[in-house]
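Student: With the sequences and hints as input, model every part of the structure.
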Amino acid sequence: MEPRNFDGDADRPRSAGAKQTGRVLVVGPYLRVRAGSADAQSESHVQRDAEARLDEAAGLARAIDLVIADAIIAPISQIRPATYIGKGKVEEIAALAKSLDVELVVMDCALAPIQQRNLEKELDAKVLDRTGLILEIFGRRAKTKEGALQVELAHLNYQRSRLVRSWTHLERQRGGFGFMGGPGETQIEADRRLIQERITKLESELKKVQATRRLHRAGRQRVPYRVVALVGYTNAGKSTLFNRLTRADVQAADMLFATLDPTLRALSLPHGGKAMLSDTVGFISNLPTQLVAAFRATLEEVLEADVILHVRDISHEDAEAQQSDVDAVLRQLGINPDDSGRIIEVWNKIDRYDAEQREELLNIAARRPADHPAMLVSAVSGEGVDALLAAIEERLAAKRHTLDLSIDAADGAGISWLHRNSEVLAKELHDGRFDMTVRVDETKRDIVVSRFDAVPHPT
1 MEPRNFDGDA DRPRSAGAKQ TGRVLVVGPY LRVRAGSADA QSESHVQRDA
51 EARLDEAAGL ARAIDLVIAD AIIAPISQIR PATYIGKGKV EEIAALAKSL
101 DVELVVMDCA LAPIQQRNLE KELDAKVLDR TGLILEIFGR RAKTKEGALQ
151 VELAHLNYQR SRLVRSWTHL ERQRGGFGFM GGPGETQIEA DRRLIQERIT
201 KLESELKKVQ ATRRLHRAGR QRVPYRVVAL VGYTNAGKST LFNRLTRADV
251 QAADMLFATL DPTLRALSLP HGGKAMLSDT VGFISNLPTQ LVAAFRATLE
301 EVLEADVILH VRDISHEDAE AQQSDVDAVL RQLGINPDDS GRIIEVWNKI
351 DRYDAEQREE LLNIAARRPA DHPAMLVSAV SGEGVDALLA AIEERLAAKR
401 HTLDLSIDAA DGAGISWLHR NSEVLAKELH DGRFDMTVRV DETKRDIVVS
451 RFDAVPHPT
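Residue numbers (our numbering): 1 to 459.
If you are wondering where the hints come from, they were derived from the structure by calculation, not from laboratory data.
Values in this document were obtained by computation on a predicted structure and should not be read as measured data.
One should not assume that every hint holds.
Just the calculated beta-carbon pair ranges, DEER-fashion [to be verified]:
hint: 1; residue 1: K399; residue 2: R420; range: 15 to 21 Å
hint: 2; residue 1: Q78; residue 2: D386; range: 49 to 55 Å
hint: 3; residue 1: D408; residue 2: E205; range: 47 to 53 Å
All C-beta atoms in this analysis are idealised placements derived from N, C-alpha and C, irrespective of residue type, glycine included.
Tutor: Here it is as structure tokens:
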């Protein structure tokens, strides 16, 4: 369905007939930014195309199997405290919602509780904002216990501020905690108390999750496996690339937030080394702060990663704006997106370009600074993956020390220790001794030097 610009005189569509379950109207209430204004100049590098934004919002709705009755753009000059959009726009959208006989209106913006309540009264339909929609998707996609805990915590923090008596769904006794059916509580005073108690319990359980993850990371540190993390905008192709690099079978689909729970797999490097590759939840513009906070335990894998692959859908019309959104989330996590020693930018989906367009992309990448390279790949066809693996290996090696040593072949304990605590690059037997070349991280370098009389490998 093509999005329409609903700006006052837009034609009304014909009635869609009887109401269907899950029929929704998606509205993009986007602020007009005048050319030459301070906002336009300061934010020009992240300005998004309105139709692309609306298409993304419709994609979010379709991700939970909602039927899009219509999707419209409703440009506004300023945000109204009571209803976010102006009175005239409210009346027009109410008429459209009635003619389409929809039961849900999705507003592609963050609504305050009072704005959401007032819009529901005026539109005579359930209203869901962008934050609520993303939380609904996450609630349906979380499959592990950890993911479910994180989503429920984010949901309850969001729900707590929206417990108001005018919400009719709070009067119904219904199961689940999703937004479409209501939380299932009956009295708001009890709701607030029970929600706070549940939040406290969830936070305690998530602290245990964090402690468990720390133990897992400590175990990986005892074995010389480095961690490589995939980050990127949702639907940039991270899971497809993850499967290509690790020969795994993680769900990958042309859908927003196709995968949610984190996954770790072994990654084989070109020269026989090993690393752990972590696939994380996709980012999105205006990612709810509740989710950033709730998923911090999962995203700690990114914080601890030695190398971060920022996967970009370079074929997307809003690729630059998506990059800015991912950079913003990385900053929220305390990661500098300009850290060239740690972050590798991966331009994915080059299979969507013809030969001439690929050559142009290669020229653009070649003109980038040497310390900020871009790796061009196709996760679908495998093109460029070997070069990406070589770049990963080079980054990991730059943070480690390569040492030469000679050890008695009878020293089984010492040889076993080296295999457990270092990456053995070469091993040859000469006259009852093993001549070995190993690679170790900073924390084990002094131990290897003192215990095995190792010396730096000539470069």
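Student: Are the hints correct? Go through all of them and say.
Tutor: Results for each hint:
no., hint, verdict
1, K399 with R420: 15 to 21 Å, "holds, 19 Å"
2, Q78 with D386: 49 to 55 Å, "holds, 52 Å"
3, D408 with E205: 47 to 53 Å, "holds, 51 Å"
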